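When you get a sec, could you build the whole thing from the sequences and use the hints?
2 protein chains.
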Amino acid sequence: MKKPLLIGIDAGTSSVKICIFNINGELVRQGEVKIAFSSPRPGWIELDLKQYWDATCRVLREITTDLTGFAGLGFSVTSPTTVFLDDEGLPVRPAIPYLDIRSKEDVEELVKYWGGEEDFQSHVGNKPIPSTYSAGIVRWIMREENNSWNRTKKVGFLNTFLCGQLTGEWAVDPTVASFSGLVRLAEPFKWSDELRELSGIPSSKLLTILTPYTKIGEVTPQAAKETGLPTGLPVALGCADTAAASFALGLSQKGDCFESAGTSDVLTFCLDRPDFNSMFLNRSHVYPGRWLAHGAMSTPGAAIEWLITNVFPELGTVSELEKEAERSEPGARGLIFLPYLAGERSPIFDPNAKGLWLGLRLDTRRADIIRAVYEGIAFGLRQILKYAEAQWDLKIKSLPCVGGAAKSQLGLKIKADVLGLEYQTTDFQHVAALGAALLGGIAGGVYMGWEDPEIPYLKKFNSCFKPNFTNYKIYDQLFTIYERLYPSTKEAMHALNVY
Amino acid sequence: MKKPLLIGIDAGTSSVKICIFNINGELVRQGEVKIAFSSPRPGWIELDLKQYWDATCRVLREITTDLTGFAGLGFSVTSPTTVFLDDEGLPVRPAIPYLDIRSKEDVEELVKYWGGEEDFQSHVGNKPIPSTYSAGIVRWIMREENNSWNRTKKVGFLNTFLCGQLTGEWAVDPTVASFSGLVRLAEPFKWSDELRELSGIPSSKLLTILTPYTKIGEVTPQAAKETGLPTGLPVALGCADTAAASFALGLSQKGDCFESAGTSDVLTFCLDRPDFNSMFLNRSHVYPGRWLAHGAMSTPGAAIEWLITNVFPELGTVSELEKEAERSEPGARGLIFLPYLAGERSPIFDPNAKGLWLGLRLDTRRADIIRAVYEGIAFGLRQILKYAEAQWDLKIKSLPCVGGAAKSQLGLKIKADVLGLEYQTTDFQHVAALGAALLGGIAGGVYMGWEDPEIPYLKKFNSCFKPNFTNYKIYDQLFTIYERLYPSTKEAMHALNVY
Chain A
1 MKKPLLIGID
11 AGTSSVKICI
21 FNINGELVRQ
31 GEVKIAFSSP
41 RPGWIELDLK
51 QYWDATCRVL
61 REITTDLTGF
71 AGLGFSVTSP
81 TTVFLDDEGL
91 PVRPAIPYLD
101 IRSKEDVEEL
111 VKYWGGEEDF
121 QSHVGNKPIP
131 STYSAGIVRW
141 IMREENNSWN
151 RTKKVGFLNT
161 FLCGQLTGEW
171 AVDPTVASFS
181 GLVRLAEPFK
191 WSDELRELSG
201 IPSSKLLTIL
211 TPYTKIGEVT
221 PQAAKETGLP
231 TGLPVALGCA
241 DTAAASFALG
251 LSQKGDCFES
261 AGTSDVLTFC
271 LDRPDFNSMF
281 LNRSHVYPGR
291 WLAHGAMSTP
301 GAAIEWLITN
311 VFPELGTVSE
321 LEKEAERSEP
331 GARGLIFLPY
341 LAGERSPIFD
351 PNAKGLWLGL
361 RLDTRRADII
371 RAVYEGIAFG
381 LRQILKYAEA
391 QWDLKIKSLP
401 CVGGAAKSQL
411 GLKIKADVLG
421 LEYQTTDFQH
431 VAALGAALLG
441 GIAGGVYMGW
451 EDPEIPYLKK
461 FNSCFKPNFT
471 NYKIYDQLFT
481 IYERLYPSTK
491 EAMHALNVY
Chain B
500 MKKPLLIGID
510 AGTSSVKICI
520 FNINGELVRQ
530 GEVKIAFSSP
540 RPGWIELDLK
550 QYWDATCRVL
560 REITTDLTGF
570 AGLGFSVTSP
580 TTVFLDDEGL
590 PVRPAIPYLD
600 IRSKEDVEEL
610 VKYWGGEEDF
620 QSHVGNKPIP
630 STYSAGIVRW
640 IMREENNSWN
650 RTKKVGFLNT
660 FLCGQLTGEW
670 AVDPTVASFS
680 GLVRLAEPFK
690 WSDELRELSG
700 IPSSKLLTIL
710 TPYTKIGEVT
720 PQAAKETGLP
730 TGLPVALGCA
740 DTAAASFALG
750 LSQKGDCFES
760 AGTSDVLTFC
770 LDRPDFNSMF
780 LNRSHVYPGR
790 WLAHGAMSTP
800 GAAIEWLITN
810 VFPELGTVSE
820 LEKEAERSEP
830 GARGLIFLPY
840 LAGERSPIFD
850 PNAKGLWLGL
860 RLDTRRADII
870 RAVYEGIAFG
880 LRQILKYAEA
890 QWDLKIKSLP
900 CVGGAAKSQL
910 GLKIKADVLG
920 LEYQTTDFQH
930 VAALGAALLG
940 GIAGGVYMGW
950 EDPEIPYLKK
960 FNSCFKPNFT
970 NYKIYDQLFT
980 IYERLYPSTK
990 EAMHALNVY
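Those protein sequences? They're chains A and B, same order as listed. For the first sequence, the working numbering assigns the number 1 to the initial residue and increments by one for each residue that follows. For the second sequence, the working numbering assigns the number 500 to the initial residue and increments by one for each residue that follows.
Hints in this document: simulated from the structure, not taken from any laboratory. From a predicted model like this one, the values you see are computed outputs, not experimental measurements. Keep in mind that the hints are not guaranteed to be accurate.
Said to hold, decoys possible - Below, in silico cross-link-like pairs of lysine-lysine (DSS-like), each with a Cα-Cα straight-line distance of 30 Å or less:
no., chain 1, residue 1, chain 2, residue 2
1, B, Lys989, A, Lys490
2, B, Lys822, A, Lys323
3, B, Lys989, A, Lys386
4, B, Lys958, B, Lys906
5, A, Lys34, A, Lys17
6, B, Lys989, A, Lys473
Structure, rendered in structure tokens:
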């Protein structure tokens, strides 16, 4: 008998990637489609769900052609993307991704109920900011779009909508609900009455919270027609993309961690109790009794891209950029870079932070200027690591790194030296999709549950960068300076905001 | 009868420029030769005076060929460059220019006698740093080079040596002696006994202090043979280069000022009493009862050169650089540059200051990065202007600007807008040499003294940049941020010193 196949749908803000794996976690086929989001006003970001669904169907039809033996499907979604659905599960308005900041004032209003940010944080488990408090956007819609709100019967997230389209069943998963501001992270499967009443959202419009690997339903005949999937295929609700990646990597014990290095850069730590640090974005994990803390830098990959497009266009490629940076030396000859090119999330959570090069001298060269950017990114990660190790009493010795930026040899070498730990990388670029497919595998009964030892977690890495301790010492000194630089320039950064 | 000609010798650290003018101050002929200084150890800078003299003779012979009617010669010299001469006026060792910092500890030692830097400053009139305290280098030679010191009969400066070679007479002028640490600026023609005894220099080795336009002597037959100059030509002692330029521009009233914009950038103010500000380098002027205060930035011109050679080599020329900067806008879209690429003199006097770009964002482009450098230089000048206006109760409305960087249209436009005043410039590139020649003219009796209304001061400027007040307001806000940035990053700058 043919081995069954699993489908992982990685639904992002700017693309949908769909991967088909065999039960050993090996990629069989893959398809991707770009998604256009719109920005009707500055700070507003919207996704047209009809287009999103159509694009998803198109890719599904294409990549499932000639294949049979599908045993399960699961989702990994950009999070939180809030959806407003009618009785039929159809969108009453475009979805609103986490990048949208229109609810800033609503969130500030809601926080007033608490003593302040810290009280909210300690009660809920996350900072009260639009990207981790989606109740703010619901409140905004309730107030500003009466008509949409009246037609809304189910408030959910991107996987709510997609699962509903496939199965006719709707639910919310705890990894995404963690960023709703309606759940206390200590009790991730329960809408908090206090939080819900505060935001004014009626409980009738909220959906059940189900584990990401729950079989929410099966592909309906209607959906089968649209997608080319077999009717009856078991579907898992899935979870937030970084949670899906954490699951694919088998992060199940306290202190297990990984870095996902893309446009932004996230260090994720597995926790075994709801003991949070406010410098992290925190959520419930896929595994019961486990949580994830994300230390998220906003623009590391974007900074490298920026060097090529905006600053040194003559170099043209990442490879030329890195060749140039290698002409410098560890410490970039005394030049420090703060990588806050679009504000920063962890650890400073300051949307008005700015980038900086300090230490320019007459003998500073282009090579130093570029290398300082790579080092500044690594210092940012080290700062996150430092807070994580202190908060959770960890001593991280090696770190798996996945994502687009994990291809940068120079970047990884510098990170290994700056953080003083071993970096492990892989060419495999579909970690979140694998996580989604594995959740589908549990829902489909291919695996016996999250505790099944047969789950083919991604544990093989094809290269490893060990730290050089001579360099580590150089960076160690610079890191002390790096850490003090933001506090001393914060005021100027904010003053520059008017330009 | 043919009109007489005047010779101005502008003796620098890296070149000697000799200009011949008619009595209307018009250039007749010009010659220049590069001088190689040596750096036997880090921080040490030396000039071989034999080579220096030979090079000077060569240029003099070349440019005086076929010309007659010379009526006077004067010097403008890089200052202070300390010379150690034997009984014959020949150097016992290489000369030591102001860039040499080997006497740093000697100077610190000498300052201990006073309550501290401020006490020294208020007594003497300048900061106790190697470049304005040449007694420190004499003390170093006394201790470290016993043999040289024993053979030394006259301690003087570069014009002492050159005049001695031409005339067989030796003296020191007050504009250079102002940086000796042996003269109280309030009494510029008198070696201070207290200061001299403190440094341990015997009065027998010090020379008379004479005004820069004094006829120190006449060209000797021996010198005539070497230089091609006529025997008997009257020679003026001359003065420091910026003082010579101030004289050429006729800066004689309180508040008269000009900018000399080259590798470094100096704002010079004429004072009518010895009322000094410690953020300036202060000296006696050519005119009796007048002083000069120099606000000196170390690397403005060097920073532009640095952008081309080290940072954006693909742009290749100043003209391409400025074209690119013009693609940005006033305020460089919120990017600020601190121009301390080799530490800074005025107003912060910090050899360990470093350059900085702050305000980098994902939409910052190369054009902004370049423009910020031009603006940072202008902010530095504005800071100097601000302290000058406050200290001496001035309101400067227009500023003559001379020197190599005065050719930069963009630089001048930005300076006019940032400082909020009119910039006047000239293509004439020999201001200090003209000053030297005019001093020679007084010594030779062509002019009746410093008060002669016939002295052809440089008063014509061929272009003028008026401030745009819309831009001024933009810069005004940024300037507030600029001013606070050094104090808040100073500690980090110093910490980066180890690299």
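Going through the hints against the structure:
For the hint pairing lysine 989/B with lysine 490/A, the CA-to-CA distance comes to about 14 Å; that is within 30 Å, so the pair holds. Note on lysine 822/B and lysine 323/A: the hinted pairing holds, with a Cα-Cα distance of about 28 Å set against a maximum of 30 Å. About 25 Å separates the Cα atoms of lysine 989/B and lysine 386/A, which keeps this hinted pair within 30 Å; it holds. For the hint linking lysine 958/B to lysine 906/B, the alpha-carbon distance of about 17 Å falls within 30 Å, and the restraint holds.
A C-alpha spacing of about 9 Å is found between lysine 34/A and lysine 17/A, which places the hinted pair at or below 30 Å, so the restraint holds. About 23 Å separates the Cα atoms of lysine 989/B and lysine 473/A, which keeps this hinted pair within 30 Å; it holds.
In summary, the structure agrees with every hint in the numbered list given earlier.
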